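The primary structure of each chain is shown beneath.
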Amino acid sequence: MVKSTSYLFFFISFGNFLSVYFIFQNDLRNDGRSKQDYRPIELELDIVTHANGSARVRLANTDILVGVKTEIDVPTSNRPEEGKIEFFVDCSANATPEFEGKGGQDLATEIGNYLGSSFASPLSFDLKPLCILKGVQCWKLYVDILILECGGNLFDAVSLAVKAALYNTMVPRVETVAMDGGNVDLQLSGDPFDCWRLDITNIPCLVTLTKIGEHLIVDPTAEEEECSMASLVVAVTESGRINSLCKTSVGSLHPQTLTDALKVGVEVGVGLNKALNEALGREEKRLQSNKPERFGFLK
Amino acid sequence: MPTDNRRIQGPEISTPYCVFGSSTENEDEDGCFKSTDPLSSTRKDGRALLEHRKIYMKTGVVSQAKGSAYIELNNTKVICSVFDPREIPNRVEYSQHGELFCVLKFAPFSCTTRRSHQQDAEEKELSLNLKRALEPAVCRHEFPNFQVDIYVLILESDGGSLAASITCAGLALADAHVPMYDLVTAASLGVAGDVLMKDPSEEEEKLCSQHFERSNLNHGLITVSLMGAHTQITQVWQTGSMTTTCVSESLTHLIQSCEETYPIAQRCLVKSVVDTISKKKVPEQS
Chain A
1 MVKSTSYLFF FISFGNFLSV YFIFQNDLRN DGRSKQDYRP IELELDIVTH
51 ANGSARVRLA NTDILVGVKT EIDVPTSNRP EEGKIEFFVD CSANATPEFE
101 GKGGQDLATE IGNYLGSSFA SPLSFDLKPL CILKGVQCWK LYVDILILEC
151 GGNLFDAVSL AVKAALYNTM VPRVETVAMD GGNVDLQLSG DPFDCWRLDI
201 TNIPCLVTLT KIGEHLIVDP TAEEEECSMA SLVVAVTESG RINSLCKTSV
251 GSLHPQTLTD ALKVGVEVGV GLNKALNEAL GREEKRLQSN KPERFGFLK
Chain B
1 MPTDNRRIQG PEISTPYCVF GSSTENEDED GCFKSTDPLS STRKDGRALL
51 EHRKIYMKTG VVSQAKGSAY IELNNTKVIC SVFDPREIPN RVEYSQHGEL
101 FCVLKFAPFS CTTRRSHQQD AEEKELSLNL KRALEPAVCR HEFPNFQVDI
151 YVLILESDGG SLAASITCAG LALADAHVPM YDLVTAASLG VAGDVLMKDP
201 SEEEEKLCSQ HFERSNLNHG LITVSLMGAH TQITQVWQTG SMTTTCVSES
251 LTHLIQSCEE TYPIAQRCLV KSVVDTISKK KVPEQS
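As given, the protein sequences belong to chains A and B, one line each in that order. Residues 1 to 299 in the UniProt record's numbering are what the first sequence lists, from first letter to last. Residues 1 to 286 in the UniProt record's numbering are what the second sequence lists, from first letter to last.
Only chain B is shown next, with the shape it has when bound in the complex (with noise of 0.2 Å):
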């Protein structure tokens, strides 16, 4: 393997020490709340179980990019920044849309275990997702032969990373004045057994995509895009083992959390407008 000198790497074989810790780590799901009654019980952050993170907004954070947004829903915290669209580099036929480049990537300190510089498998899987995410909502016939590049960076993860970029690289499209056809919001739901919970952080993830011994075996994440003006989802992504019922009814969960974050997200972007024109006003009137 070609050995990267410029960066600090790890040894070549080195394990993460949160793997000897005690076992209570791994005790049974109700560990995660604090009482046995699903529907009553908050969770270990003293939420309930249908409750979103709170969320921060902000676009314009990234002086040299075209356009840029930050988001941060408490721990997991996300910067993306989108540039002018370019050329498509290598390209010899001419391509009637314009195309997205989404690199994600998780910042190296970002998780309980170290990431390496270079994109890793899940990182790749989350790229496209997140590019299959944003293209509906992009008029990509405005730029033929042009792509846009939207980097994604992951300061700290802490569940909800593939849904936490999608809103933010959707923010920062439109703060870069990319023609678009709506805003995309996006959210995330976690399912163990009977429990449906709303914006799973990172322990409540792997919770959830860990299978228990018990009569409802359903289990796994979801992930849904929304575009709210059109009611049109860009993307679901989910993962575990669920029946259809079970995965409607997330559904419909994840497409009301994509409705409530629509409207900060748009008063975000009305935000930095205002700002933006009551900044250039100053000037005339001196």
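Next comes chain A alone, as it looks inside the complex (with noise of 0.2 Å):
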């Protein structure tokens, strides 16, 4: 039985990837796009009410939904100025039955640590602004991130809805710090509208590129990443710089593919960076109009 259905699944694989490589002869994909081109992208925010920031990333078939809280928390010896934030990613079994169980939890430990590294530099994200009192309080994020569907390519739509839910974070304005006696008094601005926003400026876009045969190609859907060799994940700001880099997949790449590679990734994330930024203003102006359309939550 075991066998059957693997070789069954060993013919679909091997007729995807006859069409998948073909194609690629006139520099077209399976759904018409060229190689650097992305599937169409949905974004919404501010869908969570309970949480502080949240946004709704849905990628052709993949469908993200981050939600961002703030807590307190005392800032780490080594780092008294920062605060802090932390990624979580859930591979719920809804996306695909292989997350059941613990199946998804390499996954989602890999696009965690990922994230983490890619903020990891203060050119990306400054903590400073989080510390409240230094080595005594500060702001902890805590960013959780749902996956909903998986349709390819969930680290591109994943920094998409976290830099969409980090810009629409609101942290509650502290008015007055006050040591008294060792413990902390903190008062809070009453107006629960009195917040202040993170500076997303710098915050990196994940650009994941896929090698398919000699073809470079961005946003893979599944059935390309199947027929990959090797994927390769670049973080890149607006203004082009590189964040982080790291090979994703099983598979080695030459040194002048990578090289290439990274010129098309620079490329492409600040284009994706740009368009994301028109986005979100967009996306700002029509909470801000007096009755924002609502489209639901999962339309």
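Warning: the hint list may mix true and false statements.
Calculated cross-link-like contacts (lysine-lysine; reagent style DSSO-like; alpha-carbon spacing at most 30 Å) [said to hold, decoys possible]:
| id | chain 1 | residue 1 | chain 2 | residue 2 |
| --- | --- | --- | --- | --- |
| 1 | B | K66 | B | K54 |
| 2 | B | K105 | B | K271 |
| 3 | A | K128 | B | K124 |
| 4 | B | K131 | A | K84 |
| 5 | B | K206 | A | K84 |
| 6 | B | K124 | A | K102 |
| 7 | B | K131 | A | K263 |
| 8 | B | K124 | A | K140 |
Source of the hints: derived by calculation from the structure; they are not laboratory data. Values in this document were obtained by computation on a predicted structure and should not be read as measured data.
Given two chains presented individually in distinct reference frames, assemble the corresponding complex, making use of the accompanying hints.
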């Protein structure tokens, strides 16, 4: 039984491989995109009421929901002047049956770790404004990422959603801080709308470059990921700096391919950041208009 | 949190005393170099900027393991053992390719601050990078549905732990007679402003992960692992913030370092083979 299914799978994937592979000859992919095109992306902000910031990104069949919660914590002893940020990725079994039980855990840690390392530099996200009282109190941002549907290219979609959610995040303003015999006395502003926003200008977007045959493509679908030999994830900021770089799949790359991939990745990443910023501006305007038109939570 | 009574645990909340050290630790970056001219300057340990530390490698250090290796780069000391393939536990479906099960662990006393016995997030991340670095080099179709266990223990950490672990694990895999396409060697490089430092030590790594207010903003660390005979990069891992040109330049230097390490690893393996043969011959002669 087991063998027959695996053969069947083999034929399906081989058929896929042929169709995916040959279509490249005309610089066109299965779905009519060129090598460096993204699939249509939908973006919604502020859709979870209890989160300080939230965003939902749908990249064709990949659906990501991100909520940011802010809490008060004690800064670490070796970085007393900085706040904290933590990423948690949940690959729920809703997305694909493979994630059932502990199935999605490896992927979840991989995405979480990679996001962490792309945010690590103070040039991508400065943690200093999150400090309330040096060495005593700071804000901690919990970024919870929920993968609702899996249609390939999780890294890119997750990073877009995280950047959007952080853009949307409102951190309550602290009015007074007083030390009272070793205890900290915080006074938050009485107005729930008296908040400040995070600086997201330098937060990178992740761009996955997948190598299929001799071609480098961006935004692979699930089928294309199946046929890929190696993929590279590059974290690119709006100014075109590389804030993190990692190979994520089985397979290896020639040094020349790697340098070519970096160039393509930065080019695509800069464009992606710009497009996201424009979309965020538009969404913000829509939310601020008196009667924002609601499309529903999951349309 | 569940407590572990069998091992010595520190108090729940403790602060390493080095935090309270004088602020001279955070002096400017030039403190690491003896002179201010980056090209002619030497580092604290007397190396030139693009000079790798001396490497010592040895295979067959753990008698109980199928294959093992030890690597030493000055104060970075890593030991790795590889065990026989075994069936993948808790797996129902058949997998066409064998798997590598990598566990990377820092010894509790390996760093300036004490490490816990349980794997923390950093160790998990490094384990995954190690796995990704080794996977392309192993003929995984030769042992379908089986996994090879690779345990890496960092005895002492003084920068370049991941690179040392990858090279060490590559050697141990070869020593364990696991079928491979090629040997894997790795190298690390630190960037601080205009300065590129090959194989940075712990102190230099710390320096590179900070950012200084100056015209050139580049800073960060890159680790690359390479299959020497095929010139294929098996893993690349960069943190920090750099321009594309800086990354490409670093990559060229790193590939060169990996290629320099490759013959050392080869010689180490040849030596272990020669030793085994000569040991076997002795009883015949007597």
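Results of checking the hints against the structure:
no.: 1; hint: B:K66 - B:K54; verdict: holds, 27 Å
no.: 2; hint: B:K105 - B:K271; verdict: holds, 28 Å
no.: 3; hint: A:K128 - B:K124; verdict: holds, 27 Å
no.: 4; hint: B:K131 - A:K84; verdict: holds, 29 Å
no.: 5; hint: B:K206 - A:K84; verdict: holds, 19 Å
no.: 6; hint: B:K124 - A:K102; verdict: holds, 16 Å
no.: 7; hint: B:K131 - A:K263; verdict: holds, 26 Å
no.: 8; hint: B:K124 - A:K140; verdict: holds, 22 Å
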